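Residue numbers (my numbering), protein chains in the order written: chain A, 142 to 276; chain B, 747 to 892.
Everything labelled a hint here was simulated from the structure, so no lab data went into it. Don't take each hint at face value.
Unchecked claim - Anything over 12 angstroms on all C-beta distances counts as not near chain B; from chain A, calculated:
(1) Gly145
(2) Asp148
(3) Phe159
(4) Val222
(5) Glu225
(6) Arg238
(7) Arg242
(8) His252
(9) His270
(10) Phe271
(11) Met273
What the hints assert, rightly or not - Reference listing, derived: stretches of chain B covered by chain A, where coverage requires no fewer than 3 residues with Cβ under 8 angstroms from a Cβ of chain A:
(12) 765 to 776
(13) 789 to 795
(14) 818 to 832
(15) 835 to 849
(16) 853 to 862
Treat the numbers as computed from the prediction; the structure is a model and nothing was measured. Cβ atoms here follow ideal geometry from the backbone N, Cα and C, with glycine treated the same way.
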Amino acid sequence: MTQGELDAFLGRIPYVGFLGMGARLDAEGLTGVLPFAPHLIGNVMLPALHGGVLGAFLELTALARLALDQPQARRAKTIDVTIEYLRPGKPVETYARADLRKVGRRIASVHVEAWQESRDQPVAALRGHFLMGEG
Amino acid sequence: MTLDPQFLRQIGETMATGVPQAAALGFRFLSAGDGRGSIEVPWRDDLVGDPDTEVIAGGVVTSLLDHTCGLAITSLATAPFSTATLDLRIDYMRPAAPRAGVIAEAHCYKLTRTIAFVRAEAWDADRADPIATAQAAFVLNRIETP
Numbered sequence: 142m143t144q145g146e147l148d149a150f151l152g153r154i155p156y157v158g159f160l161g162m163g164a165r166l167d168a169e170g171l172t173g174v175l176p177f178a179p180h181l182i183g184n185v186m187l188p189a190l191h192g193g194v195l196g197a198f199l200e201l202t203a204l205a206r207l208a209l210d211q212p213q214a215r216r217a218k219t220i221d222v223t224i225e226y227l228r229p230g231k232p233v234e235t236y237a238r239a240d241l242r243k244v245g246r247r248i249a250s251v252h253v254e255a256w257q258e259s260r261d262q263p264v265a266a267l268r269g270h271f272l273m274g275e276g
Numbered sequence: 747m748t749l750d751p752q753f754l755r756q757i758g759e760t761m762a763t764g765v766p767q768a769a770a771l772g773f774r775f776l777s778a779g780d781g782r783g784s785i786e787v788p789w790r791d792d793l794v795g796d797p798d799t800e801v802i803a804g805g806v807v808t809s810l811l812d813h814t815c816g817l818a819i820t821s822l823a824t825a826p827f828s829t830a831t832l833d834l835r836i837d838y839m840r841p842a843a844p845r846a847g848v849i850a851e852a853h854c855y856k857l858t859r860t861i862a863f864v865r866a867e868a869w870d871a872d873r874a875d876p877i878a879t880a881q882a883a884f885v886l887n888r889i890e891t892p
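Isolated chain B (complex conformation) (with noise of 0.2 angstroms):
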């Protein structure tokens, strides 16, 4: 059994923008459900990590991806819970195109009762062109409620 779309939905939402680094950094809510999970962040100048390009930091695609693949995991919950990340793995292929923001989707493609495993990969433009893929491993922590 899973949440709701309209409840996940709010969740999400929630995610993407409720927490302060996500909304610092201008984070929107694409879609959520089945495990998987998206995310947008559009460019801005204070993000960017090239000042010679224009393109926005490695750093943001990094805090994307790690949030993105929480929001996969919270996809499939049943029960509230946080996530704690264990190891994240990036591969930068390619820098983004100048002033562009970027587009992440995460798959957690395998829950267990206190672990999560999750690929996820960010884009510009072209999803079949990434600029980044990711492979990350969770902790769950269930929260007690009364």
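Pulled out of the complex, with its shape left as it was, chain A reads as follows (with noise of 0.2 angstroms):
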């Protein structure tokens, strides 16, 4: 999958362009990208993002991932995820990358961690089984 096939897949689904997420692919390998935004904000007074914002984006990241493995088959669609949240997500930009812990035939066990400034600093995390799609 080439960067510009990844963002025509990020592309197709609304509720990306309404969070402003993207997705790179480099060296390393695919890097979910939420730029910050007021609207994305969930507690003023810190201000922090809404943990629900940090939550979507590290489930968006993890359909990338497998879009990026299995560019054939249909878009896997979600059981079940596990989210961590480990400090308060500022307003600034985030980061994500994604570990296919098992890509099995049916089932794929995926895990995300989110960072900001630092990569050693995870906001949060995200454990999560998603149901692959046949192709």
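Make the complex out of the two chains shown on their own, each in a separate frame, by following the hints.
Quick look at the structure:
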């Protein structure tokens, strides 16, 4: 899958546009990118990103990573996710990388971690199971 | 002692519409009280997660469940506090119907001095046929009032 195909995969999903997220491909693989925007705020006092926004960003990064792995398959469907919140999401750009723990014929298990200024200080992590689309 | 229902309704409306992400998603406050809270998100074309079916995105349901859990906790408040999500587990039973909005109800079934434990479910048409369920833990941060 090329950067153009990845952009097209994400660009077809209206909610991805609502969040304003993207993903880039480089030598390290796929990185989800969520630029800061005021409508992503869930706590005005801190201020901090909404927990649901971080969860959605992690889940979409997992789905994009699965699409990269299996470009011929239909889109994977989320079965369950467990999201761990480690630090408040600051109002800055957020990044995420997914690790495919196991991709079976029907089920994939994926771990995703999101960070902001420093990769070794993650803000949130997700473990999820996904139902793989038939080819 | 819990909050006066009228005041609780005001807080609920503020939580559902005054928080930027909640307002951007078009949340509508439905009810709050006795450790329960309920919020609705109407379907909108920019919230679609699957362009082939026009089903609302899972991420919208994630935000809705998280936010509704916060409302349920707030309904038990005796002093001002903010909540921060510790962990959130969501099971997606089935996709919502095409072009359908989603309603969520959360129940804070245990509140300690520092932690709230909450369950929630989301449905499109029939409460007995949920699209997703959630289990979450939150940290309470007391807001110091002068």
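**Prompt:** Okay, which hints does this one fail, numbers in order?
**Reply:** Those not satisfied are hints 3, 4, 5, 9, 10, 16.
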